[in-house]
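Sequential numbering from 3 applies to the sequence shown in this note's numbering.
Take every hint as true, because none was put in to throw you off.
So the derived label-pair ranges between C-beta atoms look like this: (1) 453 to 510: 24 to 34 angstroms; (2) 861 to 602: 54 to 64 angstroms; (3) 29 to 241: 27 to 37 angstroms; (4) 961 to 1075: 29 to 39 angstroms.
It should be emphasised that the hints constitute simulated quantities derived from the structure, not laboratory data. Here a beta-carbon is modelled for each residue, glycine too, at the ideal position from N, C-alpha and C.
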Amino acid sequence: MAQPFEDAASLHMYELLGQLLTDFTSVENTCRTNAETQFHNHWLVTQAPVTFAGMAYLLANHPAVEIRSMAAILLRRKGLKLTDGSNNVIYFVTLGEDVRGYIRTKLMQSLANEANKSVRNKVCHATADIAAHMCDLGDVWSDLVQLTIQFVQSPNAEHRETAFRLLSEAHSLFYNEDPTSLLAMITAGLQDSEEAVRLVALKAGSDILINAEESSLSSLGTVVPHMLNIIPSIVMDPSKDEESKAALDALGELALNCSSVFKGTHQTLISFMTTVMKNTNLDSAVRHAALELLLTLAETSRAQMRKQVDYPLILIPILLEWMSEHDDDEDWYLSENLDEFDQSSNETVGEQSMDRVSRNLGGKIVLPIAFNIIPTYLSAPEWPKRHAALRCISAIGEGCLKLMSAELEKVVGLVVPHLADPHPRVRHAACNAIGQMCTDFAPKIQQKFYDQILRGLIPVMSDVQFPRVSTYAAAAMVNFAEEAKMECIAPYLPDIIPNLVVLLNSSKYFSREQAVTTIATVADSCGEAFAHYYTPIMRLLMDILKEPDVELSRPLVGKALECSTLIAMACGKEMFMPIAREFTDALQFVQSSAVSSDDPRTSYLLGAWTRVCTVLGPEFEPFMSVVLPPLFAAAKHVPECALLDADDEDPSSEDGWEVMNTGLQRMAIKTAYIDDKCTAVEMLMCYVKELGPLFHPHVEETMQMILPMFGFIFHDGVRIAAASVVPLLLQSWVKADYPNEKVIALWHTVANTLIATLKKDNDASVVSQLFDTFHDALACAGPTILTEQFLIDLIAQMVKQISDCHARFLERSKTDRSEDADQEEAIYLEEEEEADDTILQSIGNAIHQLFKAYGVHFLPIFHHLVPALDACMNSAYPSERRLALDVYQEMIEFTPAESITYQPHFLKFMIETLLDPEAHVRQTAAFGIGAAALSTGDYYRDICISSMPKLHTVITAHDARSDENIFATENAVSAIGKICQRYGATGLFDVNQVLPIWLQSLPIIEDQEEFGPTYSYLLDLIETGHPSILPEGSTTKATPQLAKIVDVLTQVLAIPGLTGLDGLMERMLTTLRRLLSQCNDETRGGLWNALPDDRKKMLSSKGYF
3 MAQPFEDAAS LHMYELLGQL LTDFTSVENT CRTNAETQFH NHWLVTQAPV
53 TFAGMAYLLA NHPAVEIRSM AAILLRRKGL KLTDGSNNVI YFVTLGEDVR
103 GYIRTKLMQS LANEANKSVR NKVCHATADI AAHMCDLGDV WSDLVQLTIQ
153 FVQSPNAEHR ETAFRLLSEA HSLFYNEDPT SLLAMITAGL QDSEEAVRLV
203 ALKAGSDILI NAEESSLSSL GTVVPHMLNI IPSIVMDPSK DEESKAALDA
253 LGELALNCSS VFKGTHQTLI SFMTTVMKNT NLDSAVRHAA LELLLTLAET
303 SRAQMRKQVD YPLILIPILL EWMSEHDDDE DWYLSENLDE FDQSSNETVG
353 EQSMDRVSRN LGGKIVLPIA FNIIPTYLSA PEWPKRHAAL RCISAIGEGC
403 LKLMSAELEK VVGLVVPHLA DPHPRVRHAA CNAIGQMCTD FAPKIQQKFY
453 DQILRGLIPV MSDVQFPRVS TYAAAAMVNF AEEAKMECIA PYLPDIIPNL
503 VVLLNSSKYF SREQAVTTIA TVADSCGEAF AHYYTPIMRL LMDILKEPDV
553 ELSRPLVGKA LECSTLIAMA CGKEMFMPIA REFTDALQFV QSSAVSSDDP
603 RTSYLLGAWT RVCTVLGPEF EPFMSVVLPP LFAAAKHVPE CALLDADDED
653 PSSEDGWEVM NTGLQRMAIK TAYIDDKCTA VEMLMCYVKE LGPLFHPHVE
703 ETMQMILPMF GFIFHDGVRI AAASVVPLLL QSWVKADYPN EKVIALWHTV
753 ANTLIATLKK DNDASVVSQL FDTFHDALAC AGPTILTEQF LIDLIAQMVK
803 QISDCHARFL ERSKTDRSED ADQEEAIYLE EEEEADDTIL QSIGNAIHQL
853 FKAYGVHFLP IFHHLVPALD ACMNSAYPSE RRLALDVYQE MIEFTPAESI
903 TYQPHFLKFM IETLLDPEAH VRQTAAFGIG AAALSTGDYY RDICISSMPK
953 LHTVITAHDA RSDENIFATE NAVSAIGKIC QRYGATGLFD VNQVLPIWLQ
1003 SLPIIEDQEE FGPTYSYLLD LIETGHPSIL PEGSTTKATP QLAKIVDVLT
1053 QVLAIPGLTG LDGLMERMLT TLRRLLSQCN DETRGGLWNA LPDDRKKMLS
1103 SKGYF
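Turn these sequences into a full structure, and let the hints steer you where they fit.
Next comes the structure, spelled out in C-alpha cells:
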C-alpha cells in the first residue's frame, strides 16, 4: 500500500519538502516567513496530497529530530485546518482514502519506532487529534485501536506510555470497547512498574471518565480508588514537583467535570490534601494544586462537602496561616504599580480561596470558624497576622453576606480600630476591608455606621509618609461614597477635601489619580453640598488639564476630565457657566493632542463632552461640530477579527482580544474598540436627549448609522444602545415640529428592523430593550405612527416571547436546585430567570403604552393576547402570573367599562393572588385592586370592598415587613387607603373600623410610587381632624394616634436623599410642625424624645428641626 507513495518522484518531492521545513526552524524571521508563505502557496494549496503524504513520510523517516518534529506539528496543524474557501471542511478530509491510509500507516510506524520522546509525543498528539476528528465524522481508525491495545501490553515502557496518551487524547475512539476491557487497560496502567506510565494512565483515566456515557460511568468509576492510590508516592516526594502537579491537576479536571465519581472518597481526600497543603517541604505549586482539588469538589459536590465537618475546620486555619506568610518587603512601599501582586504566592492564593470557601459553604459554616480565629489574629503582636485577619474579613463578606450583615456592628467594630494600627501594611489592609464592606453591605453600612467609618478613614488619607496607605484610604472613600446619601457624607467634607487636595498635589502619580477619582465620587454623592469647594477644586483640575502633554500624565488628565465634569454636574449649570468657555477650550486642546488610538484620554474625552452637554443643555449645541466627528468615528468602528488555526495561541486578553469558537474554527475579535463603539452609541443617547429638537439636523445620519447596529452580533451592548437611541431621535423631530409624515416615514424604517430583530435575536436583554424601544417611541410620537400590520406582528412577537419564557421556565424547573447542584449552572439559571422576568416586564410596559395611546381601540388587537394571558394565569412561573395581573390592571385603568367583558378571565384570579405565595405577585395584585378602586365609575366597587379581608391578612402577617414581603405589604396598605378614600363614605363598610388598622400599618417607606396617594390621604384625614385618625384632645396629651402620626411622618421625612415629591414633603413637614406646635411642651418633648437618635440626627441635618 505504501509503495505508490514512496517511488523516486515522490521521495524527491519529500526531500524538497524537508529542505523547506528546515527553514521553518530558522532563527531568521524573514527566512521563516518566506518558508511559511512558500509552504502555503506552493505546497498546501496546490498539491495537498503530496504535501501531507510528504509530512507523514518525514515524521517517520527523516534522520533529523527537528524535521521529524516540525513535520508532526505541521501535519496536525494543517491537517485540521479548514481549507481555503471550504465550507467547514478540513484538509485531511479532502485527501483521498489512499493518501489518508498512507498517512495513518506512517503515523503508526512512527509511534512504534520513534526513539525521541519529544517527537513521539508530538506524533502522538497529531495522531490522536486526527483520529478523534475523523471518529466524530464516523470514520473510526480501527487499526489504531488495536495498536493501542497492543501497546498497553507491550514490554516497552515507551509503547505503554504512548498507549495511554492515545487513550487520553483520542478517548472517543475507545467508547465502543467493552467498559470492562477499558477498565482493565486503565487499571493496568495505574499499576504499571514505571511511574511515567502511571502518570499518563492517571490522565487517561480522568479524560475517559469525564467523557464517558452516563450508563458506563458507574462501572468505569470503580477505577478511581486505583487512581488515588498512586498519588501519595508521587506527591509527597519533594523532588517530583512537575509530576505531582500534573497528577493533582488531572484529579482536579475530573473533580470539575465529573465529581460524582469521588463519592465516598471525600474524607480521605480532605485528610490527604490538607496534609499536602501543610507540608512546607513541598513546592508551593503542588500545595496549591491540592487546595484547588478541594475547592473544586466543594463547588461541584457542594452538599457532600458541606457534610464533611473536618473540611472547613482544617482548611480555614491553613488559609489564614498562608495569608499571613509574607515579609515586610521594601519593594511594596516603593512600587508605583498598586495592582501588582504575586498571583502564585501563598498570601494571594489563600485570600482568593477564602472567598471561594465562603461562597461555597456559606456563612453558617464559615463565620463561626473564621471569627473564632480572627479576633486572636487581630490582637497578635505580629503584624502579618493582623493583616491576614483583615484581608480575611474582606474575602468572606460576599459569601457570608446575610449573616455578616446581621453582625455588621461587631465586624465594623473589629475593623475600624485598625485604621489606626501602628503598622502601615495593616492600615492598608483595614482600608481594603472597609472599602470591600462598603461595597458588599451597601447601603446599610453607610446609613448605620457612616460616622464611625468616616472618623476612622479620613485621618488615614493624611498618611503622607506612606503614599500607598493614604491612596488606598482614598480608594476606600470611593467605595463608601458611591452608596452614601448626601446627608451622611456632606458634614465631613471640611475634613475630606483638604486631605484629598494634599494627595492631589503629591509627587506620586497614583496618589494624584486616586485623589481625582475620589473627589469625583464624593462630589457626585454630595451634589449641591459640594458647591463650597467648587472653585478651588476646579482650579486645581484645570491646572492639570493645562499641563504639558507627557505620556505618564495622560491617565491623570483623563481622570481630571472625568472629575471636573462630574463636579460640574453635581453643582449645576449656574456655577459652571463662568468657566464654561475656558473649560471647553481646555477640552478642545486635549482633544487636539489625543491623536493616538491608544491614548487613554480619548475615552475620557467622549464622556467629558457628554457630561458638559448634560450641564449646558441646549447651550451646548455650538460644540456639536467638535463632538460628533470623533463620536461617529467611534460608533462606526468595524471590529478587528482574525481566524486562528488549531495550534495558534490565543491572543492576549490584556490587549483587548476575545476568542470565540465557531464550529471547527476559532475567531479572535478585538473587543477593546467594540466597547468604545458601545460607549459612543450610549453617549449619542445623551446628546439627543439633552439637545432635543436642536439635534434635528443630525437625526437622519444618526438613524442610518444606528439601524444596522440592531444586527451587530459581536456585542449585545451595542445592539441595546442602538435600540435605545431610536425613540430619542424620533422625539427630536417631533419636538422640532417636523411634518408628521416625515416622522412616520422615519418610524417605518425602524419598525421593519425592530420586528425583524425580534424574530431572530435570542438575547434576552436585547429583546426586552426592543419592547422598551417600542414603548418609548409610541409615547413620544403617538399612535399615528403605527400600522395595523405592525401591531399584529408586534402582538405575535409578544405571544412568542411569552411562550419562549414559559418553555425556559419548564426547563429550569427540571434542573437540580439542591445544594449539590453545580454552582456555575445555578448562577446561570438565576441570570436566565432574571432576564426572562425583564422580558415579561417590558412586554407589560409596552401593553401599558398601547392601552394608554389607543384606549378602547386597542381591544380588537388585544384579543389576540388573551389566550396567552389565560395561560399565564395558570402558570407556575410567578412572573407570568404577574404579567397577566399587570395587563388587566392596565385594562381596568384605561378601559374600565369595557373591561367588564373580560372579568371572567381575570377577576377571580386577581382576588386569589392577593394571597399568592410569591411576594411580587401579591404586590401586583394589591396594586391592581388599588387601581380598580381609583378607576372611573363604580364597576369594581363591590370587588374592592370584598377584597379588604385578604388585604388585611397581607398587612398583618408576622413577616409582613421582611425584605422579601415589604413591597407586597406596602401595596396592600396603599390599596386599603385607596378603598377607604373612594368608598368610605358609601356606608357599605365601616370605615371607622378600618382606618385605625390602616394607620397602624403605616409607614410606607420602600415603594415611593405609593407615597403620593397614601400620604396625601393621610394628610387630608389629619387636616380634617378625622376622629379615627386624630381623636379630639390629641394635642393636649400624647395619644397613641398622635404618637403614631409623628412616628410615621418623621420616618418618611428622615429618609436620606428624599426631597420634593411634588410638594408632598413640604406638606408633610408643615403638618407635622403644626401638630407639634399645638402640643404643650411636655407632650412635644415626649414625642421628640421617643424618636430614635439616628432619626433625630437626620431630621436635624436636613434642617427640619
